[in-house]
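Based on the provided sequences and hints, a complete structural model is requested.
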Amino acid sequence: MGHGEEDAALDPILQGLIQAIQLIISGDPEVYRITELSLIVSVSGTLISCVWSVPISAFLALRNVPGKRTIKGIFTALIGIPTVALGLSLYLLLSRTGPLGYFQLMYTPYAIIAGQCILVTPIIVSFTTSALESVDPDVRTLARTLGASGFQTDALVLREARWGVVLAVIAAFNRAFAELGVAMMLGGNIRNVTRVLTTAIALQTSMGDIPLSIALSIILLSIVMTLSIIVSLARRR
Amino acid sequence: MTSPSCLDARKISKRFDGSVVLDHVSLKAHVSRITSIIGVNGAGKTTLLKILAGLEEMNDGFVLIDSNEISASALRTHSTMIFQKSIMISGTVYDNVAYGLRVNGVPSQYIKEKVRDALDTVNLANFEKRKARKLSSGEQQRVAIARALVIERKILLIDEPTANLDPANAMLVEQTIKSAARSRILILSTHNLAQAKRLSHQVIHLYKGCVIEDRDAEDFFTSPHDEKTRLFVDGELQ
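Sequences listed follow chains Y and A, in order. The first sequence: position 217 = 217 (our numbering), numbered continuously. The second sequence: position 213 = 213 (our numbering), numbered continuously.
Check the hints yourself; a few may be wrong.
Unchecked claim - Cut-off 20 Å, straight-line C-alpha distance, at most; resulting in silico cross-link-like pairs (EDC-like, lysine to aspartate or glutamate):
1. Lys197(A) / Asp226(A)
2. Lys68(Y) / Asp11(Y)
3. Lys131(A) / Asp136(Y)
4. Lys50(A) / Glu160(Y)
5. Lys134(A) / Asp209(Y)
6. Lys85(A) / Asp136(Y)
7. Lys50(A) / Asp11(Y)
Please keep in mind that the hints were generated in silico from the structure rather than gathered at the bench.
Rendered as structure tokens:
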């Protein structure tokens with residue numbers, strides 16, 4: 001391939017990149033609307049999942065639960081669940097003729113949130129359980145000899161494992177934020193209603209709108225990476 | 001609650017996975033006296049202390065405080081234990097020393113003053129804001145002592161307090177132990193004979209989970225009754 005041909009091949013990518021940066025800097029309303037909805041949906045899905053995932057982890061890590069290893073193994077295996085398979089299962093449940101069709105959640109952000117809650121539960125449970133189990137067991141003994149109750153002892157262990165728990169939550173958020181299957185199948189990628197970053201990227205790419213796809217990808221990557229950097233810096237302090 | 005003046009452990013036995021760790025161990029410890037439990041590694045010293053601290057269940061036996069039988073959970077309200085390995089919780093020295101006060105419901109306005117006093121006692125004034133896990137092992141052990149003293153339990157159980165310390169830190173820790181014993185029942189586990197000699201009023205020799213000698217410190221070291229104790233004192237018992 002000659003120099004001229006290489007330049008021609010690079011040209012659309014470069015052009016796309018330049019236009020993408022312009023879209024971000026100019027505050028394109030479409031780009032910001034999609035980003036805002038993505039953040040709302042993924043943050044909600046992750047935080048709602050924490051409501052049950054963290055207590056499940058605490059129960060698994062801090063109590064003698066029969067079949068603990070099997071339960072942990074199931075959660076670990078579910079981390080890799082294909083998002084389209086989960087999306088399809090929830091589609092069958094939530095569609096108008098499905099058992100939960102009465103709630104009319106299909107093609108709303110609530111359906112995506114519900115799907116992402118389920119999607120990230122195994123991640124939070126597995127990572128948080130590991131974080132809690134890695135706390136020095138002597139910390140429990142120490143708490144008890146200083147007069148802590150069972151609950152206070154568990155709270156101390158949770159406090160000692162807090163960075164592990166934060167990392168679990170961040171990993172869960174990243175998974176929710178970057179997934180496509182659930183958002184596409186349950187949200188339907190409806191403009192201004194359920195269009196999130198990943199579904200928009202897929203759509204714009206298929207439509208040939210490369211600059212917008214690149215702009216959205218840059219935002220997606222920036223948010224994921226910024227979050228990880230913030231956590232890493234905070235941890236060092 | 002009146003301060004207990006005597007801890008009386010009777011026929012304590014403990015088994016782990018079928019092997020006997022403590023076999024009908026009895027001992028009496030009194031307030032204002034330091035009772036040392038000595039013995040080679042694996043003799044059962046730490047397990048005995050953990051039982052007396054209410055941290056480990058015994059298989060047989062019972063514990064009396066001032067002639068009243070007491071459960072493991074009640075033992076925890078009377079006692080606290082300092083471990084050979086200083087366990088620091090994350091955060092500052094202040095967080096560590098204040099932890100016991102907080103969980104015991106001490107009003108926050110008193111906590112600051114009590115922490116400061118406790119740190120003064122162990123020569124760690126102005127260490128409040130230092131990260132506990134970044135201190136030297138000697139400093140960490142002194143924080144652990146301050147943390148135990150500040151909750152003012154009347155029974156103090158200390159497991160090999162100077163095992164990993166340099167002589168200067170060991171001396172500071174010993175001074176603190178001596179002053180803490182004035183108003184407490186203090187039981188110390190050590191395999192450091194010189195330390196037991198310096199600190200103790202009473203010495204108990206634990207060998208393979210059994211008490212083989214329990215006497216006043218002076219007699220213990222000058223004229224041991226048991227042959228194994230004599231060998232141990234002479235440094236010949238492995």
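Unsatisfied constraints (hint numbers, rising):
Violated hints: 2, 4, 5, 7; rest satisfied.
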